[in-house]
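Asks: Residue strings, one per chain:
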Amino acid sequence: GAVVSQHPSWVICKSGTSVKIECRSLDFQATTMFWYRQFPKQSLMLMATSNEGSKATYEQGVEKDKFLINHASLTLSTLTVTSAHPEDSSFYICSAREVILGAYEQYFGPGTRLTVT
Amino acid sequence: EDQVTQSPEALRLQEGESSSLNCSYTVSGLRGLFWYRQDPGKGPEFLFTLYSAGEEKEKERLKATLTKKESFLHITAPKPEDSATYLCAATFIEGYSTLTFGKGTMLLVSP
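Protein sequences, first through last, are from chains A and B. Residue numbers for the first sequence follow my numbering, so the first one is 1 and each next one is one higher. Residue numbers for the second sequence follow my numbering, so the first one is 1001 and each next one is one higher.
Since the hints were made in silico from the structure, they are not lab data. Glycine is no exception: its CB is placed at the ideal position from the N, C-alpha and C atoms. One or more hints might be untrue.
Unchecked claim - Short, incomplete list of chain A residues facing chain B, as computed with Cβ under 10 Å:
1) Ala2
2) Gln6
3) Leu26
4) Thr49
5) Leu68
6) Ser90
7) Phe91
8) Pro110
9) Val116
Kindly generate the complete structure, drawing on both the sequences and the hints.
Replies: Here's what the structure looks like:
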């Protein structure tokens, strides 16, 4: 199956600093990528949808200015958590959609554990 | 009301004891039904996508089926390494771009 990578796999940062997370589709081109957040023992919560070359669409309640998303190419999307605070600590997972003959599959990265101290 | 509901929330099986996980959806206009496996601290691993009622897909000990109202993930003769949380997600014709997830079924298979 298709592979999606994320980097870094974990990061610790101080409150007030910014952190960038990269998401790459390794063996397919993804016109659409997604960013999710997951709290312990809960399901995935969609934060935003990004399409290559255009602005991301954010879900209700997600701050655009805090979570900056850039989908600069068909294989790379980045999430920047700006001015991070302890409440931003979470597990962030990206996902990429592969379209095959009109049907699509959606693959997830391994996740990034962010801890803000 | 949740659009995608999974049951049971948790399931404990003995090794070799076959069972099924359920995923029901309440919204009409299903576009696709997805099953994923998630291990602790990792991203979801893609298992299957089903698009139409009557469709079935298999992979090793897992078999996914789809009806007009629900999907089942059948686990045949499970092994301890099948222990994980199984997530069901759906896309609908309205808002088709995004996956709507159920809350998952936590499966524990004891040796």
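Asks: Given Ser90 (chain A) as an interface hint, is its Cβ closer than 10 Å to any Cβ of chain B?
Replies: For Ser90 (chain A), the interface hint is violated, since the closest Cβ of chain B sits about 13 Å away, which is over 10 Å.
Asks: Taking the closest Cβ pair, is Leu26 (chain A) under 10 Å from chain B?
Replies: Violated. Min distance 14 Å.
Asks: Any CB of chain B closer than 10 Å to the CB of Thr49 (chain A)?
Replies: 6 Å, holds
Asks: Measuring from the C-beta of Val116 (chain A) to each C-beta in chain B, is the shortest one below 10 Å?
Replies: 18 Å, violated
Asks: Should the hint that Leu68 (chain A) touches chain B count as held when the rule is a Cβ pair under 10 Å?
Replies: The hint is violated - Leu68 (chain A) has no Cβ within 10 Å of chain B, the shortest such distance being about 20 Å.
Asks: Tell me if Ala2 (chain A) is really an interface residue toward chain B, meaning its C-beta lies closer than 10 Å to one of theirs.
Replies: 8 Å, holds
Asks: Per the CB criterion, is Phe91 (chain A) less than 10 Å away from chain B?
Replies: Phe91 (chain A) check passes; min Cβ-Cβ to chain B is 8 Å, inside 10 Å.
Asks: Holds or violated: the hint that Pro110 (chain A) contacts chain B, with Cβ atoms closer than 10 Å.
Replies: Given a least distance of 5 Å, the restraint on Pro110 (chain A) holds.
Asks: Tell me if the interface restraint on Gln6 (chain A) is satisfied: Cβ within less than 10 Å of some Cβ in chain B.
Replies: 8 Å, holds
In terms of the numbered hints stated before, the structure departs from hints 3, 5, 6 and 9, listed from lowest to highest.
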